[in-house]
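Enquirer: Line by line, the protein sequences are chains L and G. Position 258 of the first sequence, counted from 1, bears residue number 258 in UniProt numbering, the numbering being contiguous throughout. Position 51 of the second sequence, counted from 1, bears residue number 51 in UniProt numbering, the numbering being contiguous throughout.
Think of the hints as simulated: they come from the structure by calculation, not from any bench. Keep in mind it's a predicted model, so treat the numbers as computed, not measured. Ideal Cβ placement from N, Cα and C applies to all residues, glycine included. Don't take every hint at face value.
Listed below are several chain G residues computed to face chain L (Cβ distance under 8 Å; list not exhaustive) [stated by the list, open to error]:
(1) His13
(2) Gly15
(3) Leu18
(4) Leu26
(5) Glu29
(6) His39
(7) Thr48
(8) Thr69
(9) Gly74
(10) Trp123
(11) Phe131
(12) Gly163
(13) Thr288
Restricting the straight-line Cα-Cα distance to at most 30 Å, the calculated cross-link-like pairs of lysine-lysine (DSSO-like) are [to be verified]:
(14) G:Lys42 <-> G:Lys252
(15) L:Lys202 <-> G:Lys352
(16) L:Lys358 <-> G:Lys42
(17) L:Lys154 <-> L:Lys202
(18) L:Lys313 <-> G:Lys281
(19) L:Lys154 <-> L:Lys313
(20) L:Lys421 <-> L:Lys358
(21) L:Lys313 <-> L:Lys358
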Amino acid sequence: MDTLIAALRSLLPHDSVITDPVRLRTYECDGLTYHRATPGVVVLPGTAEQVARVVRLCNDFGVPFVARGSGTGLSGGALPREDGVLIVTSRMRAILEVDLADRRAVVEPGVTNLAITEAVRDRGYYYAPDPSSQQICSIGGNVAENSGGAHCLKYGFTVNHVEACEIVTPDGDLVTLDRMDPGYDLLGAFIGSEGTLGIATKITVRLCRAPEAVTTVLAAFESIEQGGQAVSAIIGAGIVPAAIEMMDALAIEAAEAAVACSYPEGAGAVLIVELDGPAAEVERQFAQLEEICSAAFELRVAADPAERAAIWKGRKSAFAAVGRISPAYIVQDGVVPRTSLPAVLAAIDRLSAEHDIKVANVFHAGDGNLHPLVLFDDGDPGAGERAEVVSGAILDLCIEHGGSITGEHGVGVDKSRYMPKMFSADDLDTMQLVRCAFDPQGLANPGKVFPTPRLCGEVPGVRKGVHPLVESGKADQL
Amino acid sequence: MSLDPELINDCVHCGFCLPTCPTYALWGEEMDSPRGRIHLMKQHVEGTPMTPEMAGHFDACLGCMACVTACPSGVRYDRLIEQTRVEVERQHVREPRERAVRGLVFSLFPYPRRLRLLRPGMWLAERLAPFLGRANPSLGAMAALAPRVEHRQRLPRVVRARGERRAVVGMLTGCVQGEFFPQVNAATARVLSLEGCDVVIPRGQGCCGALSVHSGLDGQARRLASRTVRVFERAGVDTVVVNAAGCGSSMKEYAELLGREPGFRVMDLSEYLAELGPVAKRHPLPVTVAYHDACHLAHAQGVRSQPRELLGAIPELELREIPESAICCGSAGTYNLLQPQAARDLGDRKAKAVGTTGAELLVSANPGCTMQIAAAMRRGGAEIRVAHTAEVLDASLRGVSL
Numbered sequence: 001m002d003t004l005i006a007a008l009r010s011l012l013p014h015d016s017v018i019t020d021p022v023r024l025r026t027y028e029c030d031g032l033t034y035h036r037a038t039p040g041v042v043v044l045p046g047t048a049e050q051v052a053r054v055v056r057l058c059n060d061f062g063v064p065f066v067a068r069g070s071g072t073g074l075s076g077g078a079l080p081r082e083d084g085v086l087i088v089t090s091r092m093r094a095i096l097e098v099d100l101a102d103r104r105a106v107v108e109p110g111v112t113n114l115a116i117t118e119a120v121r122d123r124g125y126y127y128a129p130d131p132s133s134q135q136i137c138s139i140g141g142n143v144a145e146n147s148g149g150a151h152c153l154k155y156g157f158t159v160n161h162v163e164a165c166e167i168v169t170p171d172g173d174l175v176t177l178d179r180m181d182p183g184y185d186l187l188g189a190f191i192g193s194e195g196t197l198g199i200a201t202k203i204t205v206r207l208c209r210a211p212e213a214v215t216t217v218l219a220a221f222e223s224i225e226q227g228g229q230a231v232s233a234i235i236g237a238g239i240v241p242a243a244i245e246m247m248d249a250l251a252i253e254a255a256e257a258a259v260a261c262s263y264p265e266g267a268g269a270v271l272i273v274e275l276d277g278p279a280a281e282v283e284r285q286f287a288q289l290e291e292i293c294s295a296a297f298e299l300r301v302a303a304d305p306a307e308r309a310a311i312w313k314g315r316k317s318a319f320a321a322v323g324r325i326s327p328a329y330i331v332q333d334g335v336v337p338r339t340s341l342p343a344v345l346a347a348i349d350r351l352s353a354e355h356d357i358k359v360a361n362v363f364h365a366g367d368g369n370l371h372p373l374v375l376f377d378d379g380d381p382g383a384g385e386r387a388e389v390v391s392g393a394i395l396d397l398c399i400e401h402g403g404s405i406t407g408e409h410g411v412g413v414d415k416s417r418y419m420p421k422m423f424s425a426d427d428l429d430t431m432q433l434v435r436c437a438f439d440p441q442g443l444a445n446p447g448k449v450f451p452t453p454r455l456c457g458e459v460p461g462v463r464k465g466v467h468p469l470v471e472s473g474k475a476d477q478l
Numbered sequence: 001m002s003l004d005p006e007l008i009n010d011c012v013h014c015g016f017c018l019p020t021c022p023t024y025a026l027w028g029e030e031m032d033s034p035r036g037r038i039h040l041m042k043q044h045v046e047g048t049p050m051t052p053e054m055a056g057h058f059d060a061c062l063g064c065m066a067c068v069t070a071c072p073s074g075v076r077y078d079r080l081i082e083q084t085r086v087e088v089e090r091q092h093v094r095e096p097r098e099r100a101v102r103g104l105v106f107s108l109f110p111y112p113r114r115l116r117l118l119r120p121g122m123w124l125a126e127r128l129a130p131f132l133g134r135a136n137p138s139l140g141a142m143a144a145l146a147p148r149v150e151h152r153q154r155l156p157r158v159v160r161a162r163g164e165r166r167a168v169v170g171m172l173t174g175c176v177q178g179e180f181f182p183q184v185n186a187a188t189a190r191v192l193s194l195e196g197c198d199v200v201i202p203r204g205q206g207c208c209g210a211l212s213v214h215s216g217l218d219g220q221a222r223r224l225a226s227r228t229v230r231v232f233e234r235a236g237v238d239t240v241v242v243n244a245a246g247c248g249s250s251m252k253e254y255a256e257l258l259g260r261e262p263g264f265r266v267m268d269l270s271e272y273l274a275e276l277g278p279v280a281k282r283h284p285l286p287v288t289v290a291y292h293d294a295c296h297l298a299h300a301q302g303v304r305s306q307p308r309e310l311l312g313a314i315p316e317l318e319l320r321e322i323p324e325s326a327i328c329c330g331s332a333g334t335y336n337l338l339q340p341q342a343a344r345d346l347g348d349r350k351a352k353a354v355g356t357t358g359a360e361l362l363v364s365a366n367p368g369c370t371m372q373i374a375a376a377m378r379r380g381g382a383e384i385r386v387a388h389t390a391e392v393l394d395a396s397l398r399g400v401s402l
């Protein structure tokens, strides 16, 4: 490590290489604090070329590297390696180009999600994917995790809004992957690869025209079932709102304590429905919506952007707000088919009662993406373990109902052990083939996404020996 | 006062504070963000000694409290950093040069009489700045920022209400404000009086203790605070109006500092005027104004709308918003003296933002901010006139030009 550090120092400006142990420890975790590891060394490159050189050095020394943006990820995707280099892109935050005619912007990976919108908002454009942490999460991290957000129901995820990426491959080459490239969709493979296929150093994003009209409705229901029925009815009526978000009573309590969002009192659940598009269409959809939400005891419509922001503030701060009502908690992320929502929510309720662990529910109801917040007191012995059990059981529920173990937070280090529950050994081996095609040395974010060791007694790391698909003649190893 | 682990544990590491932190905006490093600093505090509480590196990151915090506004978990970073600074003063041995500068700052600024001795020589400061800067960047910054002082106006003990008396309030004259910006205090007293207040200005008041609180000088802070409380309690007022944001925010927390409630409430001038409601006639002021949120007003006291409403109610005055308004200008009490380079970079950033408004006049509730931004704009080759909110109101109420 010492010779590597010396080499890094000769490569980068003095203040871009961090080795002081106290400083290093501040990088020990991202938004998921449950897993911690002090990185061997942290570098803060300022250019793509510097990133490439650092990665090449890692190859020369056979040292693993992990990329980190703003460190807000919730699956531990940026968990450092004690024996590795943490490459932080937070100083690469220039918006390089805005091209409204082609509706695209070219940005560095450390630019925050919201900064893109802020740069073009006054000209009537915005960047559509909007994770709740949008004011701080970096676009590079969004690409790595294929981040979503409340408005992905109508507009799609990061993968639908990135046109091209300049990346540093795991062996240190600087290449550009473009949506327009003929052949395999390598950009599609790269987005959501959680740092295992390389590091994005320049991202071309699509900009959307701000809709002519936006109507944001807050509907308060007595029970979560009523809310769930309304969600199914909205989608069933053929309406595709920009967003349908639901929060249960406990989540509302937390948001209320944090940002005083003044949601209707006594609600068992609130739905936030946002309609956007041409004014005439929004008006017609709103009339339908009013009818569908007849079970709601209060229907509040935002009169202006300030009121809209107030409604969203409660929802967007919900994760961190839970800190107000619980000393510790786990943010879970799973997906179920919309139609299974009531059954799954009822089952979560049962789990919660059975283990004496409270669960607050916040979710993107429109696409069945659950974010149960499993609350516990870390001062209470055994509570953390019980919360883990509940949290894991919720993922089992998602799989049982034909859903997924992650909607938008990624697999990271936190959920790699659930991958075998969703995928067969052959599936996982095939994914490994893709990974190894990009990263033959296994240096890019090792230990994430895939369960290691895959088998008892197996040494963690790249597959040793011949892949079964190669052996059976179905695939060629590159 | 030692570091409270409970307050540290409130942080859930979400990172929502990062984009509003001035030092994170400058350097993009975890250790110089609120989340990173809280992590350092945690390390220290868990037994890691106060290393010079650690102390350096705490010293680099401006104490602007933008992170407190941004935090969804309600982390009391304001209290945490104050406790930490005390800890730094106790455990960290500073370099002799640094000690000398800090010694100078804290034995000078909180003492109006000592400041008064400087007044005659202040016209020289600007010319001396480059030479002093070569000897020590902090001295250079101090000289470069020194304002042209106006004639000292001795305020009477009581300024009577004009017209019908609606209230009786106390007024803090402060240390730097009183000595270097006497015109702001005079304007404040006139505005209050024109709005129907008897303004009680007790003698014997000095520094409120804010500078010491913000720098971890616990003992000095308590001494100065106790004296201020005594002076105003003796004056028998139930409200003390403050026109300097940093002072107001510290005085609002006297109960925590001294362990007892003072016998009066503390309000910022704009906060008080908004509550009182206007009676005096506003004369037109045809001027474009960029209003700058002083951190200790907007973040520490949550006073944002009142000054805008007061300014916006002046006929023909056009109010313009400054982009990135939540980010500190780098003045931050004594920060521009103790961390001159970071303060300068933040000042340049703010000056650029103010420049985009095209406004003729920069208004803020804190003279430190306006001095800092005006100096940064001069460096960038732009000029802007500056005024305190009180001065703008005073001009409008009296029907004189600014």
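Enquirer: Are the hints correct? Go through all of them and say.
Expert: Each hint, compared with the structure:
The interface hint given for His13 of chain G is met, as the beta carbon of that residue sits about 5 Å from the closest beta carbon of chain L, less than 8 Å. Checking Gly15 of chain G against chain L by beta carbon gives a least distance of about 4 Å; that is within 8 Å, so the hint holds. Taking 8 Å as the C-beta contact cut-off toward chain L, the hint placing Leu18 of chain G at the interface holds, the least distance being around 5 Å. Hint status for Leu26 of chain G: violated, given a least beta-carbon distance of 10 Å to chain L, over 8 Å.
With its C-beta approaching chain L no nearer than about 7 Å, Glu29 of chain G sits inside the 8 Å limit, and its interface hint holds. The criterion of a C-beta within 8 Å of any C-beta in chain L is met by His39 of chain G, whose closest approach is roughly 5 Å, and the hint holds. The interface hint given for Thr48 of chain G holds, since its Cβ lies 6 Å from the closest Cβ of chain L, which is under the 8 Å cut-off. Hint status for Thr69 of chain G relative to chain L: violated, with the closest Cβ pair at about 11 Å, above 8 Å.
Taken as an interface hint, Gly74 of chain G checks out: its beta carbon lies about 6 Å from the nearest beta carbon of chain L, inside 8 Å. Here the hint on Trp123 of chain G is broken, as its CB sits about 39 Å from the closest CB of chain L, past 8 Å. Restraint check, Phe131 of chain G versus chain L: the minimum CB separation of about 29 Å is more than 8 Å; hint violated. For Gly163 of chain G, the suggested interface contact is broken, since its CB lies about 36 Å from the closest CB of chain L, more than 8 Å.
Among the interface hints, the one on Thr288 of chain G is violated; its C-beta lies about 19 Å from the nearest C-beta in chain L, farther than the 8 Å criterion. A hinted pair counts as satisfied when its Cα atoms are at most 30 Å apart, and Lys42 of chain G with Lys252 of chain G qualifies at roughly 27 Å. Of the pairs offered as hints, the one joining Lys202 of chain L and Lys352 of chain G holds, with about 26 Å between alpha carbons and a cut-off of 30 Å not exceeded. The straight-line distance between the Cα atoms of Lys358 of chain L and Lys42 of chain G is roughly 27 Å, inside the 30 Å bound, and the hint therefore holds.
About 26 Å separates the Cα atoms of Lys154 of chain L and Lys202 of chain L, which keeps this hinted pair within 30 Å; it holds. Only pairs whose Cα atoms come within 30 Å are accepted, and Lys313 of chain L paired with Lys281 of chain G is rejected, the gap being roughly 39 Å. Taking the CA atoms of Lys154 of chain L and Lys313 of chain L, the gap is near 20 Å; set against the 30 Å cutoff, the hint holds. Only pairs whose Cα atoms come within 30 Å are accepted, and Lys421 of chain L paired with Lys358 of chain L is accepted, the gap being roughly 25 Å.
Distance restraint check for Lys313 of chain L and Lys358 of chain L: the Cα-Cα separation of roughly 23 Å lies within the 30 Å cut-off, and the hinted pair is therefore satisfied.
In this structure, the hints that do not hold are numbers 4, 8, 10, 11, 12, 13 and 18, in rising order.
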